[in-house]
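Asks: Given next are the chains, with one letter for each unit.
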Amino acid sequence: MSDEAITPRAPGKKVPFFSLTRVWTIATSTVTQLVRMKTFYFLLAFALLLLLVGNVSFASSPAQALSTLKKVSFGAIDLFAWLFAIVATALLIPRDIEDRTLYTILSKPVRRGEYLLGKLAGVLVVIGVSLLVMFVICSVMIIWKQAGYMADEQAGGGRPEDIQAALSLISKNGFRIELLAAVYGSFLKASVVAAVTILLSTFASSSLFTIIISILVFLVGHAHSMATDYWLRETDSSMAVQMLLKVFKIIIPNFQLFSFSEGIVAGAAVAPAVLAQMTGLTAGYLVVFLFLSLITFVDKEF
Amino acid sequence: MSENAVEVNNLTKVFRTGIGNQYVVAVDNLSFHVKAGEVYGLIGPNGSGKSTTMKVVLGLMAASKGEAKVFGLDSGDIRARNETGFVPENPYFYKHLTGAETLKFYGKLCGMRGKALKSRVEELLELVGLENAAKRRLGGYSKGMLQRIGLAQSLVQNPRLVILDEPTAGVDPVGSREIRDLILKLKDEGYTVFLCSHLLEQVQEVCDRVGIIFEGRMRREGPLEELIKIETQTAMTLENASPELLEKIADLIAADDSASIIETGHPKTTLERLFIQIAGKRSKESKPADEKEAS
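Heads up: the protein sequence lines correspond to chains A and B, in order.
Those letters in the first sequence? Residues 1 to 302, by the working numbering.
Those letters in the second sequence? Residues 1 to 295, by the working numbering.
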């Protein structure tokens, strides 16, 4: 064990201050983790739900049947998006802490902010891909049913004006490419939900607690405008209550703003400016919640 | 040899417990250093502050007082972590990844990619003897295999310092021996090894210097040989000595005023060495039989 036998190793190469490669490595690992957790099985359940709704309909007209199919399928897409965002995000970070996988990750040259960003990006990639697949399944189903109803209408006979009116009504309630904007709206909403959940999971002690609180925040965020407007108008509220409500209004995201998706599904048009505005708002929420998460997470001891 | 791989100066770590002003001092004014290229063992019973010290050195925890440095860099500095490989006590890895994927994942986190990463992964899998299990998910690995993949991931970025937390805990004697051989191999290759353990015999086999920590304080520290040597006694092991020769030696000692025989008898092997000897012999015997069965 003499000193002469020891040949010390050369220093390692420089470490960049921030690395998108490290973020992407954590994101892709998160995607692999979620895929191998067989999360995509829900897509099968979604396809079965659509088949059921498409074939067992109590609607009085083809237009109504198509409208119901759209509402149910896009409602399911939206429900999946925010629920998956909460559950997946709430499971990932606490599990890494619980299993102490975080020890080995953070003992490498990885910044805590990069880890959080990577986890969020991974969840969003999975949600994005799932939403696209569900949109394709949904579109195929609607187009298929729409074509069937149109063929039946044309084969049924009658006055050309009546047939034209019926076909026009079916088209109006059928597939439109604008529906993709509705899916995009669900994606934006899920992104904000995931960011809120990441913030909660940086200080929560369990996944269950994170899931419950995240769902509560989501529900409260839907009643955002209604609740704050009502309470802030109350003249007998004390200064403290008024302040508290203002803080609440800032902290809890207003999920009602994302309800433009429902309008698109119902047939309303959407201006590109609205989509751009919502994208900007979502980016703002993500930056704020990630920043708050980092403040909590950066000094956390494991 | 002037450079220190690890420098811990007056480190104190206090944890708040429960509500109110209740505190636990996990590490109390601890100072020690690990020289570059040596194998240093921090030993102590459970709860003595070993793991807390290690976490501070790894930058997973901040010191309440004092400092920890890795190759002159503050242990919280990201550059210090590039110089450090960590082998945790338990397999803290993603079970959904295969052995090769695990090494690739940690390599990418260290900024490695492409052919360099691929060849490093292959090299490390060979080093720890897991080439045949490279495509198996870690969920199906035994404790010993997990410990070996842990060692491989710690070396992926070719760090200068390797920190091992209870490297052989829960591993069978053969696996334990393999890990100790790997530690000695790392030393030969110029790595600095800093390990924490409460398995004293294993520390004794691999460490150049040892620190004994108890209740958060360093109780003894120094080169292993110096620490364990009993200055006033001398051991002599003879082979094929006749009873007459032994009698002559005993007479010589009896004639001396100050010297006396404390113990005589046959040296004993350890139970571990005996086990490894038997297990090694059995596995050599069973290999030809297996080959026969396979053919």
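One or more hints might be untrue.
[Said to hold, decoys possible] Dumping the calculated DSBU-like pairs for lysine-lysine here, alpha-carbon to alpha-carbon at most 30 Å: (1) B:K118 <-> A:K14; (2) B:K268 <-> A:K13; (3) B:K185 <-> B:K95; (4) A:K300 <-> B:K65.
By construction, these hints were calculated from the structure, which means they are not laboratory data.
Asks: Against each hint, give a clear statement of whether it holds in the structure.
Replies: Quick rundown of the hints versus the structure:
1. B:K118 <-> A:K14: holds, 21 Å
2. B:K268 <-> A:K13: Violated, because 49 Å separates the two Cα atoms, which is more than 30 Å.
3. B:K185 <-> B:K95: Holds, at about 28 Å.
4. A:K300 <-> B:K65: Answer holds: K300 (chain A) to K65 (chain B) is near 17 Å, not above 30 Å.
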